[in-house]
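Going down the list, the sequences are from chains A and B.
My numbering applies: residue 1 is where the first sequence begins, and numbers increase by one.
My numbering applies: residue 1001 is where the second sequence begins, and numbers increase by one.
For the record, the hints were derived by calculation from the structure and aren't laboratory data.
Accuracy of the hints is not assured; some may be wrong.
[Said to hold, decoys possible] If you anchor each label on the Cβ, the simulated ranges turn out as follows: (1) A:Met-300 - B:Pro-1362: 37 to 45 Å; (2) A:Arg-119 - B:Pro-1591: 30 to 38 Å; (3) A:Ala-298 - B:Arg-1183: 49 to 57 Å; (4) A:Asp-291 - B:Ser-1484: 46 to 54 Å; (5) A:Thr-134 - B:Ala-1017: 28 to 36 Å; (6) A:Pro-99 - B:Pro-1406: 24 to 32 Å; (7) B:Gly-1546 - A:Ala-72: 50 to 58 Å; (8) A:Pro-99 - B:Val-1302: 33 to 41 Å.
These numbers were taken from a predicted model, which means no experiment stands behind them.
Cβ atoms here follow ideal geometry from the backbone N, Cα and C, with glycine treated the same way.
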Amino acid sequence: MTAIDVERVSVHFHARAGSVMAVDEVTMSVPPGAVVGLVGESGSGKSTLARAIVGLVSPTSGSIRIDGADLATLSAGATRRARLPVQMIFQDPNSSLNPRMTVGAALSEALGARERVGRAARDDEVAELLDLVTLDRRMATAYPRELSGGQRQRVAIARALAVKPDVLICDEVTSALDASVTGAILNLLRDLRRELGLSILFISHNLAVVRYVSDQIGVMYLGRIVEFAEAEALVRSAEHPYTRALLDAVPRLGGVDVEAPAELDRDVDDLQPPEQGCAFLPRCPAGPLVDPTREICAAMDPQAEASARRHEAACHFAKAES
Amino acid sequence: MAQRGLVRTALRTPTGALALVTVVLLIVLAIVAPIIWGDKAATANVDHLLEGGSAAHPLGTDNIGRDLLARTLVATRLSLVLAVLTVLVGAGIGVPLGALPTLLGRRSARLTAAVTDLALAYPALLLAIFLGIILGAGPTAAVVALGIASAPAFARLTQTLAASVAGSDYVAAAHVLGLSRRRVLFRHVLPNIAEPIILNVTVAIGYALLALSGLSFLGLGVQPPSYDWGQLLTSSLNRIYVVPEAALGPCVAIVIAGLAFNGLGEALARASSTRSTYVRSPVRGTTSAFEPILPVADQLRVADDPVLVVEGLTVTFPTADGTIAPVRGISFSIGNGERVAIVGESGSGKSLTALSLAQLVPHPGMVRADRLEFLGRDLSDGTDPEGVVGTSMAMVFQDTSTSLNPALRVGTQLSEVAEVHGGLRRAEARRRAVDRLREVRLSGPERRLRQFPHELSGGMRQRVMIAVGLMGEPRLIVADEPTSALDVTVQQQILRLLKEIGDDTGASCLLITHDIAVATEMCDRILVMYAGRIVEDIDASRLWEGPAHPYTRALLAAVPDMDTDRDVELASIPGRPPDPADLPTGCAFAPRCAFATDKCREDRPPLLLDKTDSHRVACWHPQQGSVVAHEDDRLESEVG
Chain A
1 MTAIDVERVS
11 VHFHARAGSV
21 MAVDEVTMSV
31 PPGAVVGLVG
41 ESGSGKSTLA
51 RAIVGLVSPT
61 SGSIRIDGAD
71 LATLSAGATR
81 RARLPVQMIF
91 QDPNSSLNPR
101 MTVGAALSEA
111 LGARERVGRA
121 ARDDEVAELL
131 DLVTLDRRMA
141 TAYPRELSGG
151 QRQRVAIARA
161 LAVKPDVLIC
171 DEVTSALDAS
181 VTGAILNLLR
191 DLRRELGLSI
201 LFISHNLAVV
211 RYVSDQIGVM
221 YLGRIVEFAE
231 AEALVRSAEH
241 PYTRALLDAV
251 PRLGGVDVEA
261 PAELDRDVDD
271 LQPPEQGCAF
281 LPRCPAGPLV
291 DPTREICAAM
301 DPQAEASARR
311 HEAACHFAKA
321 ES
Chain B
1001 MAQRGLVRTA
1011 LRTPTGALAL
1021 VTVVLLIVLA
1031 IVAPIIWGDK
1041 AATANVDHLL
1051 EGGSAAHPLG
1061 TDNIGRDLLA
1071 RTLVATRLSL
1081 VLAVLTVLVG
1091 AGIGVPLGAL
1101 PTLLGRRSAR
1111 LTAAVTDLAL
1121 AYPALLLAIF
1131 LGIILGAGPT
1141 AAVVALGIAS
1151 APAFARLTQT
1161 LAASVAGSDY
1171 VAAAHVLGLS
1181 RRRVLFRHVL
1191 PNIAEPIILN
1201 VTVAIGYALL
1211 ALSGLSFLGL
1221 GVQPPSYDWG
1231 QLLTSSLNRI
1241 YVVPEAALGP
1251 CVAIVIAGLA
1261 FNGLGEALAR
1271 ASSTRSTYVR
1281 SPVRGTTSAF
1291 EPILPVADQL
1301 RVADDPVLVV
1311 EGLTVTFPTA
1321 DGTIAPVRGI
1331 SFSIGNGERV
1341 AIVGESGSGK
1351 SLTALSLAQL
1361 VPHPGMVRAD
1371 RLEFLGRDLS
1381 DGTDPEGVVG
1391 TSMAMVFQDT
1401 STSLNPALRV
1411 GTQLSEVAEV
1421 HGGLRRAEAR
1431 RRAVDRLREV
1441 RLSGPERRLR
1451 QFPHELSGGM
1461 RQRVMIAVGL
1471 MGEPRLIVAD
1481 EPTSALDVTV
1491 QQQILRLLKE
1501 IGDDTGASCL
1511 LITHDIAVAT
1521 EMCDRILVMY
1531 AGRIVEDIDA
1541 SRLWEGPAHP
1551 YTRALLAAVP
1561 DMDTDRDVEL
1571 ASIPGRPPDP
1581 ADLPTGCAFA
1591 PRCAFATDKC
1601 REDRPPLLLD
1611 KTDSHRVACW
1621 HPQQGSVVAH
1631 EDDRLESEVG
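With the hints as constraints, model all of the structure from the sequences given.
This is the structure in structure tokens:
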């Protein structure tokens, strides 16, 4: 069983205006067999963290351990072998399949990445993979353009499963799909997890979807995990004001109109995080904006003692407001 | 296979067909001309030195009496072969050089790219002349020189194309699978950039022909006794005032061949860029798209004090294989101050419905309606004499980065509306703009007027877009997926804003969305569209008791909400939405529906009012009961 341990990983991107910290000293882990969800808005760094784990971007600092092996200390060939049990599924099934390769060719290529197999055995394995994601075996000869969005996403999942991974990283896998297909893909991931004992890092901006599939949920804000807890605990009794804002923002059937705190309801999206203190301060409905006595929020970064708080919440006044 | 399709598409245009035929003829000529006219072209005849055109020698003869027409025809082979060789040398060096960065690590990739850039900055023809002098005059030198000179352009093209493919998710997936860089290059990158490279090679043959003729003309290319068109031109040029036809032969040949290769390349390029927009579907009759639309038995309950009444609205698009109708005779009305949502998946026709109300359906779409009344004005013929759409209907689009003009300041885009439609003076319009920006809760409205759209975030741009709509006095706000591109917390703000504006101004709202939860949160009534038709029209408050149409019920159960039981499977709808060009005869949802019977597959169910007189459903087997299985959990979570 493979586990992923991410320790104090940062990813910086160099832009013209200076360096951007996409992921900022994140520590987290995906235990064997568990589904860990990551939620956050665009720019929160959740996709960058995923890409760092699978090696598509290099972390600026920190260590990523797969099954206890620190990738930074391994040789190139050993890194490749160590990474193989961790596979990724992307958001847009239209661009994650090579338009010039048939489904069968894409799957056999992935099979070959694990070990050399003969042609006949490979055809059998392709058929088995298609069975696994409940696609018709005859689809092996089809090109991606002949498939619907949901079918393409199934092929992408089958390709990831070809190397018999232990961990799947799912980056917004249902965001580009129609509602009627979303349910089917989520069901499939759930079944695969049960049948194959997979661990999953499930990344999405949609809290309802994350809650449905995950055992534990981490909430990311500006490159950091600001709250991490068991899924139900996080949803029922969120500690961090940002998590509560996210929960309030989930559209609910039946038109339950929750009036969000007015402080969040401004054009806050162009605010820069402060130099020191809490990064969420300019938007926080529990901080000095409402209670001027809470000076500590502007003076001290709450991340330092997060691990000691309930839900590892990065907030000096975690759950101080409900 | 794909290549053949490309050629076929290119042949559909007259230029493409002409160019291809010319190229084929040139190739045939290059093969057969030396065999047929080779002797004639080589035979010297001292009796006819330097003659002009005559019946025996249409283009005249050269200084030892050889027939110039025959020589021009025979020269086709050498000219074409040299041109093709030149391009092969150029592409042979350039394409691998451009592909190299994909194979190498980051640092070496940057170095190769820099070398290419440097080489590209050096003028190609000058390089060719320079190399020609070093290597000595002759065809080999000309080919090598021009080939090397054209290599940087190929390298740059390959590099740019490869970089765009290298950024795609399937290449990322290949890396995650641990495939070697070489495999990624040959299996994933090159096959996907081959098409544009081949197009450019075709065009480059035309250019190489011109350049080689140029070098031969300068005396740096083919040397006598060999001859290509450029060399023939050189030897005839000193007689151009006396015997113009002698120089004309090779000139015309060069021009025709150059045009043919360029034209073919351009036609192929055009075909490859337009091919993706062709609707891929088998050939069908033109009338079939209209047949099922005509008998409209749908019932419509016109709202009290309606702002909008739509009956039998149909949008059709001509395609290569006949007419398709993405919107098929829909009927609905919106009351004063009412908020209505159209919910549907991609391809359901919901966005086209919105666009047709605002008379914005893109060409060549056609809109027809039995009745289309906005504020009592008839708009069904597609005209709007009083400009009522411009002044009283506001549109909010999904993509905030394209719905505002990036070159104009926010202030200009706002006041423009009031100046054009409201006849306000500039200062007044500006005052109103500030007022409206404040209404959409944008901080520092005076400052915002001077900003450009790119200086604002997505949520702020959407607020500006709504403010633009408010510059008139809208009676109906049509919002097409206004929050799909925004983050959840911002989505909530925009929805609340739209709701408040409705409450403050009394304007009605038509919200187009794929998210049924957003629709219920924001709207009073929900229209569910499937395959171009409304299949259900239900009060948002009644969605809890359970919608009647199996499709609506499946939509509700397919996406988890915050209260969905984690141990319960989500509903999924088998199959996929029908192709608009190939709809089933009966109910369009029947092939995917668990309740479908033979009747469903044969007769289309009309959209009929039920006993309550406010609920319409188009189904032979309407269902009952709530689809949300865990009502108790839900209540609990609200308490907790």
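Checklist entry - Going through the earlier hints one by one, which of them does the structure break, listed in rising order? => result The structure conflicts with hints 1, 4, 5 and 8, although it agrees with all the remaining ones.
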